[in-house]
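The task is simple: from the sequences and hints, build the whole structure.
Residue numbers (my numbering), protein chains in the order written: chain A, 1 to 133; chain B, 1 to 66.
Calculated from the structure, these hints are not laboratory results. Predicted model, so just to flag it, every value in this text is computed and none were measured. There may be inaccurate statements among the hints.
For each label pair, taking beta carbons as the anchor points, the in silico distance ranges come out as [claimed, not checked]: (1) A/41 / B/52: 55 to 61 Å; (2) B/52 / A/46: 47 to 53 Å; (3) A/31 / B/3: 32 to 38 Å.
Facing chain A, from chain B, some residues (calculated, C-beta under 10 Å) [claimed, not checked]: (4) 4; (5) 6; (6) 7; (7) 10; (8) 14; (9) 18; (10) 30; (11) 31; (12) 32; (13) 33; (14) 36; (15) 53; (16) 60; (17) 63.
Beyond 12 Å from chain B on every Cβ pair, some chain A residues (computed) [to be verified]: (18) 29; (19) 34; (20) 54; (21) 74.
Even glycine gets a Cβ: it sits at the ideal position worked out from N, Cα and C.
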Amino acid sequence: MDWMINGLPLEGDAAGAPRAIDAVSAIPACQFDVTLSEARAAMESHTGCVVVNDSGIVVGLLRAPDADGRQPVTEAMRPGPATFRPGVAADELAQHLREHDLDHALLTTAEGRLVGVATRPALESLARPPDAN
Amino acid sequence: MPAFIDRDAVQAMLGWAQLVEVLEPDSYRQVHLPGALNIPLHELDRRGPLELRTNVPVVAYCHDLA
Numbered sequence: 001m002d003w004m005i006n007g008l009p010l011e012g013d014a015a016g017a018p019r020a021i022d023a024v025s026a027i028p029a030c031q032f033d034v035t036l037s038e039a040r041a042a043m044e045s046h047t048g049c050v051v052v053n054d055s056g057i058v059v060g061l062l063r064a065p066d067a068d069g070r071q072p073v074t075e076a077m078r079p080g081p082a083t084f085r086p087g088v089a090a091d092e093l094a095q096h097l098r099e100h101d102l103d104h105a106l107l108t109t110a111e112g113r114l115v116g117v118a119t120r121p122a123l124e125s126l127a128r129p130p131d132a133n
Numbered sequence: 001m002p003a004f005i006d007r008d009a010v011q012a013m014l015g016w017a018q019l020v021e022v023l024e025p026d027s028y029r030q031v032h033l034p035g036a037l038n039i040p041l042h043e044l045d046r047r048g049p050l051e052l053r054t055n056v057p058v059v060a061y062c063h064d065l066a
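Okay, structure coming up:
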């Protein structure tokens with residue numbers, strides 16, 4: 001996995017196939033011990049942020065509408081979000097998101113460290129053949 | 001003597017160490033490290049002595065794509 005994230009060479013039938021890491025984009029993250037208001041400031045124009053512990057491990061998701069007040073983020077976050085590995089095939093992950101009516105996937109390493117987020121449109125765009133409309 | 005090595009060490013050994021993916025053939029066929037052989041874990045004891053050289057380091061690996 002670490003090999004794929006770093007773009008190192010691979011061989012095999014699916015070696016050149018698009019993977020989730022190819023669609024990754026940044027998502028704001030905040031520490032689990034900040035307040036909701038502090039987390040809201042870190043979100044800027046994003047609709048939410050990922051909550052991580054002091055080892056960078058993902059522990060929850062916080063939506064912007066819930067980020068208000070002096071309570072710790074842990075009181076309003078959604079703990080234990082579903083995560084996916086960056087090496088998953090883009091078409092497989094896009095299909096999973098369609099089947100579960102989700103619009104994005106949180107990508108982490110096997111240890112749970114945040115890599116980024118992949119949106120369904122970005123994954124579907126990667127999975128589409130180059131000459132498709 | 002077996003030892004755990006990291007990505008940088010494996011990368012430095014490409015082209016001269018014996019890389020062995022220990023997952024099943026379907027997984028190997030999809031994707032594997034350059035030059036890696038495929039000896040599924042349950043066959044390693046039997047096939048290892050037959051297919052691997054004793055004078056070249058062996059790097060056995062699998063992967064997490066879940």
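Which hint numbers does the structure go against, in order from smallest to largest?
Numbers 4, 9, 15 and 16, in rising order.
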